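K.L.:
Chains W and G are the protein sequences, given in the same order. Using our numbering, the first residue of the first sequence is number 1, and each one after it goes up by one. Using our numbering, the first residue of the second sequence is number 1, and each one after it goes up by one.
Just so you know, the hints here were simulated from the structure itself, not pulled from any lab data. Nothing here was measured: the structure is a model prediction, and the numbers come from that model. Some hints could be false.
What the hints assert, rightly or not - Which residues of chain W face chain G? A partial, calculated answer using Cβ under 7 angstroms:
(1) Thr-32
(2) Gly-33
(3) Glu-74
(4) Trp-88
(5) Gln-95
(6) Cys-96
(7) Ser-127
Where a beta carbon is used, it is the ideal one built from N, C-alpha and C, also for glycine.
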Amino acid sequence: MIRLKVNGVEHSFDGDPMMPLLWYLRDELALTGTKFGCGVSLCGACVVHLNGKAIRSCVTPMRQLENAEVTTIEGLSVKGPHPVQRAWMQFKVPQCGYCQSGQIMSAVALLSSNRSPSDEQIDEAMSGNICRCGTYQRIRAAIKAAAKESA
Amino acid sequence: MNTVDNVSRRGFLKGMLSTGALILSVHLLPEPAGAGEKISGGSTHADRATLHPSAFVGVDTDGTVYIVAHRSEMGTGIRTSLPLVVADELDADWKLVKVEQAIGDWRYGGQDTDGSHSIRDFFDVMREAGGTARLMLIEAAAAQWKVPPGQCETGLHEVVHRPTGRKLGYGALAAAASRLPVPRKEALRLKRKSQWRYIGKGHPSYDLTALCTGKAVYGMDARMDGMVYAAVMHPPVLGGTVKSYDDKEALKVRGVRQVVPIAPFKPPHAFQPLGGLAVIADNTWAAFQGRKKLNVVWDNGPNATYNSAQYKKALFETARAPAKVARNAGDVEAEFKKGGRVLEAEYYIPHLAHAPMEPPVAVAEFRGGTVTAWTCTQNPQAVQDIVAEQLKIPRENVICHVTLLGGGFGRKSKPDYVAEAAVLSKKVGRPVKVVWSREDDIKFGYYHTVSAMYMKAALDANGKPAAWLQRSVFPPIGSTFELGDRYGSAGELGQGWTDIPYDIPNLRIENGPAQAHVRIGWLRSVANIYHAFAVQSFSDELAHAAGRDPVDYLLELIGPPRILDLKGIDYPNCGAPYTAYPIDTGRLRRVIELAAAKSGWGKHKLGKGRGMGIAVHRSFVTYVATVVEVEVDERGKITIPHVHTAVDAGLVANPEFARAQFEGAAVFGASLARTGEITATNGVIDQSNFYDYPVALMRDAPRRTDVYLVDSDAPPGGIGEPGVPPFVPALCNAVFAATGKRIRELPLSKHQLT
Ligand code: FES
Ligand code: FES
Numbered sequence: 001m002i003r004l005k006v007n008g009v010e011h012s013f014d015g016d017p018m019m020p021l022l023w024y025l026r027d028e029l030a031l032t033g034t035k036f037g038c039g040v041s042l043c044g045a046c047v048v049h050l051n052g053k054a055i056r057s058c059v060t061p062m063r064q065l066e067n068a069e070v071t072t073i074e075g076l077s078v079k080g081p082h083p084v085q086r087a088w089m090q091f092k093v094p095q096c097g098y099c100q101s102g103q104i105m106s107a108v109a110l111l112s113s114n115r116s117p118s119d120e121q122i123d124e125a126m127s128g129n130i131c132r133c134g135t136y137q138r139i140r141a142a143i144k145a146a147a148k149e150s151a
Numbered sequence: 001m002n003t004v005d006n007v008s009r010r011g012f013l014k015g016m017l018s019t020g021a022l023i024l025s026v027h028l029l030p031e032p033a034g035a036g037e038k039i040s041g042g043s044t045h046a047d048r049a050t051l052h053p054s055a056f057v058g059v060d061t062d063g064t065v066y067i068v069a070h071r072s073e074m075g076t077g078i079r080t081s082l083p084l085v086v087a088d089e090l091d092a093d094w095k096l097v098k099v100e101q102a103i104g105d106w107r108y109g110g111q112d113t114d115g116s117h118s119i120r121d122f123f124d125v126m127r128e129a130g131g132t133a134r135l136m137l138i139e140a141a142a143a144q145w146k147v148p149p150g151q152c153e154t155g156l157h158e159v160v161h162r163p164t165g166r167k168l169g170y171g172a173l174a175a176a177a178s179r180l181p182v183p184r185k186e187a188l189r190l191k192r193k194s195q196w197r198y199i200g201k202g203h204p205s206y207d208l209t210a211l212c213t214g215k216a217v218y219g220m221d222a223r224m225d226g227m228v229y230a231a232v233m234h235p236p237v238l239g240g241t242v243k244s245y246d247d248k249e250a251l252k253v254r255g256v257r258q259v260v261p262i263a264p265f266k267p268p269h270a271f272q273p274l275g276g277l278a279v280i281a282d283n284t285w286a287a288f289q290g291r292k293k294l295n296v297v298w299d300n301g302p303n304a305t306y307n308s309a310q311y312k313k314a315l316f317e318t319a320r321a322p323a324k325v326a327r328n329a330g331d332v333e334a335e336f337k338k339g340g341r342v343l344e345a346e347y348y349i350p351h352l353a354h355a356p357m358e359p360p361v362a363v364a365e366f367r368g369g370t371v372t373a374w375t376c377t378q379n380p381q382a383v384q385d386i387v388a389e390q391l392k393i394p395r396e397n398v399i400c401h402v403t404l405l406g407g408g409f410g411r412k413s414k415p416d417y418v419a420e421a422a423v424l425s426k427k428v429g430r431p432v433k434v435v436w437s438r439e440d441d442i443k444f445g446y447y448h449t450v451s452a453m454y455m456k457a458a459l460d461a462n463g464k465p466a467a468w469l470q471r472s473v474f475p476p477i478g479s480t481f482e483l484g485d486r487y488g489s490a491g492e493l494g495q496g497w498t499d500i501p502y503d504i505p506n507l508r509i510e511n512g513p514a515q516a517h518v519r520i521g522w523l524r525s526v527a528n529i530y531h532a533f534a535v536q537s538f539s540d541e542l543a544h545a546a547g548r549d550p551v552d553y554l555l556e557l558i559g560p561p562r563i564l565d566l567k568g569i570d571y572p573n574c575g576a577p578y579t580a581y582p583i584d585t586g587r588l589r590r591v592i593e594l595a596a597a598k599s600g601w602g603k604h605k606l607g608k609g610r611g612m613g614i615a616v617h618r619s620f621v622t623y624v625a626t627v628v629e630v631e632v633d634e635r636g637k638i639t640i641p642h643v644h645t646a647v648d649a650g651l652v653a654n655p656e657f658a659r660a661q662f663e664g665a666a667v668f669g670a671s672l673a674r675t676g677e678i679t680a681t682n683g684v685i686d687q688s689n690f691y692d693y694p695v696a697l698m699r700d701a702p703r704r705t706d707v708y709l710v711d712s713d714a715p716p717g718g719i720g721e722p723g724v725p726p727f728v729p730a731l732c733n734a735v736f737a738a739t740g741k742r743i744r745e746l747p748l749s750k751h752q753l754t
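Build out the structure end to end from the sequences listed, making use of the hints.
P.N.:
Take a look at the structure:
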């Protein structure tokens, strides 16, 4: 039995301990804001925060999550949109939007460790998140705006 | 009912093929509601609203306006931009509008959201839907005030009596308006352009908040009560079948319930399931794990001979020999024999996969002779057709709900995955959610074709082509629907090949045969990708050979402003009537001049390793010129600091979405040009995920794309696709300017640029 907190709520899991967190969130908890894009840590669609750090839920097995605190996109905006989400809206970032949960979670993690990232640092931090629709330039602009706002 | 019903299925598909997308647009418009006739049997909020003069709009007594989005939302913004047109003509307050997504239903007209024609075909339909409701509300108010309707107009969500300033809100008028006859189209008083509130203003997406908070529902997120999950092991080679299998280990996986065979398709494959074995489980992970444990012996069938390296050689050989003539003027051969300066070049683009961020996925339930499906589809009507055919039930018994799509790019026009879910649901007696992994998506796509183009030109004394021959060879999309189809359709050839807009006296355009061995499908921009690559790269080669500036040379190739005369050529024009949407070389020239001016073309010296390239292309009746700047470092690594794209798309319903599409097209183009390559070995696709089929990451994408929209009163063209075709040759021309290396074969990752 694995106990963990997801968005502040206690859960216990007694399924296959090798099951990645992604599928637990999506199929068992119906928290579908976290997306499946590749399953092998290449696209970033599944990024969530584990104890405040960005991780890829598609390759994080449940057995590593005893006592973990997980935050998903749904947990990011319980008290209204996060500044990063507001910036996303201001720059009308999403096209299809499918990658954007992961993009936002990566951006939030970046800004929590670096309050005013340079272009290169943004590229570095965000180049694990694929956007097939090609919204990168708006993502970069939104991250900068969010950084300014919280500075 | 809709006239498509009267066209045979084969005829319909043929029509579809002739553009690589859709052509029967004239058949695809909804029947107008007859005067006084109410749509019945509907199931939307719009239908149930008090006032519902058309299938697209309803007004309730509380003032809520329901607008039906009947096209699929995959990122272009169509689910917002068409309803905004209705809202505009209705003078509705967008805050009081609820957009609802239509199920698959021919009463809306065609719903196949591809071919960049949603606005082109439905702009007027939406205006009329809004204008009809507005006129009825005006007439209801006038009757209540006992004044002539001519004295009334609308403000925001209300009718105003001009002389007295009296006002009545839409909610208060809905009941009275609903008792009036639906006015005829001729009676409508549509707004003038200057009165538009929303059209052309760049309103944000209706779903913006949901898209930024994880609340948007995609096919991947759809659930039905009691559903189980399925992963399908497809035959590794197209047309392969299961010889024998052992599922003992698979069934031991925790959460796996059963293993179910899916019958092989009957050729031609079209949208049928590929066949294979489905692992049914309690969750997606268990289904994937169980599938790994299956032991299958396959009969790979005849396509196991498909090897990309050999196939490429054969394509080039075909491309070098005279082939079927699609357009001919003058006598190119006579000109080539004159012994002037003759240049030849061959170009090649490999297969590509769509790789939408959300892989194909569908949940379906078969119950009591009816199928209910929830899925990310570009074409819910094709879902109805294929599911009905597979399960031998009437089309009306297939209810297809459309979720948001996590990207489509043409892949999700082909509903094989939805058919899988329906077929499996019937077999297991529960709702089944079929989830394709990324590996499924890359290995079992409807690939963009593989193409070889042979080009030859004779230059006159001034360096201008006196003769131009171009020949393309590619397995056509038609092979998906007709066995043994080997030549490009008029639609495919009409995408940047037969419609080459150059002013050249001796011109010959040919197409050679090629046999398909994988499923060929349409991918964003379709045949324009390889045709524009060859034409625009070769144009740049000739400019350099003639010692001319590429922009000036391009303008000279196009010649004076005129309407291109394509009489006698089978040219479907992407389903748009040629009279309303002719090829206007003046518009082509304008976008070239605009892109050149905005990019500062020729104005400053670029340093070592830097270069600019230009290309122009009209597709989906939109004119686009793109200038790409590149930097190539000492190790041959490319970066793309800046892209300038000038666009004449006629009237643009939502410039914000248009800009986003052209920004995205530059990234899509960068992906395919830099690393896009799908190959086969013994019929098996070699690639499987983003490590061997990479797409552009933030650091590979253009750093900045500026989009310049030409203010135009021409009727609306497309925006989703036309950005990709010119980007690719503009990038390669820029690479040539920066390095002196001419790129004739994609992807760029195959070339050493130092
Ligand atoms: S789904 Fe986890 S990185 Fe792609
Ligand atoms: S917005 Fe579609 S994948 Fe990023």
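K.L.:
Is the shortest C-beta separation between Gly-33 (chain W) and chain G less than 7 angstroms?
P.N.:
The hint holds - Gly-33 (chain W) has a Cβ within 7 angstroms of chain G, the shortest such distance being about 2 angstroms.
K.L.:
A closest beta-carbon separation below 7 angstroms is what the hint needs, so does Trp-88 (chain W) meet it against chain G?
P.N.:
Result: holds, 5 angstroms to nearest chain G Cβ.
K.L.:
Against chain G, with CB atoms and a cut of 7 angstroms, does the hint on Cys-96 (chain W) hold up?
P.N.:
3 angstroms, holds
K.L.:
When the nearest CB of chain G is found for Thr-32 (chain W), is that gap smaller than 7 angstroms?
P.N.:
4 angstroms, holds
K.L.:
Does Glu-74 (chain W) pass the interface check with chain G, least Cβ-Cβ distance below 7 angstroms?
P.N.:
5 angstroms, holds
K.L.:
Should the interface hint for Gln-95 (chain W) be scored as holding, given a Cβ-Cβ cut-off of 7 angstroms against chain G?
P.N.:
3 angstroms, holds
K.L.:
For the hint on Ser-127 (chain W), does the least C-beta distance to chain G fall short of 7 angstroms?
P.N.:
4 angstroms, holds
In summary, this structure violates none of the numbered hints.
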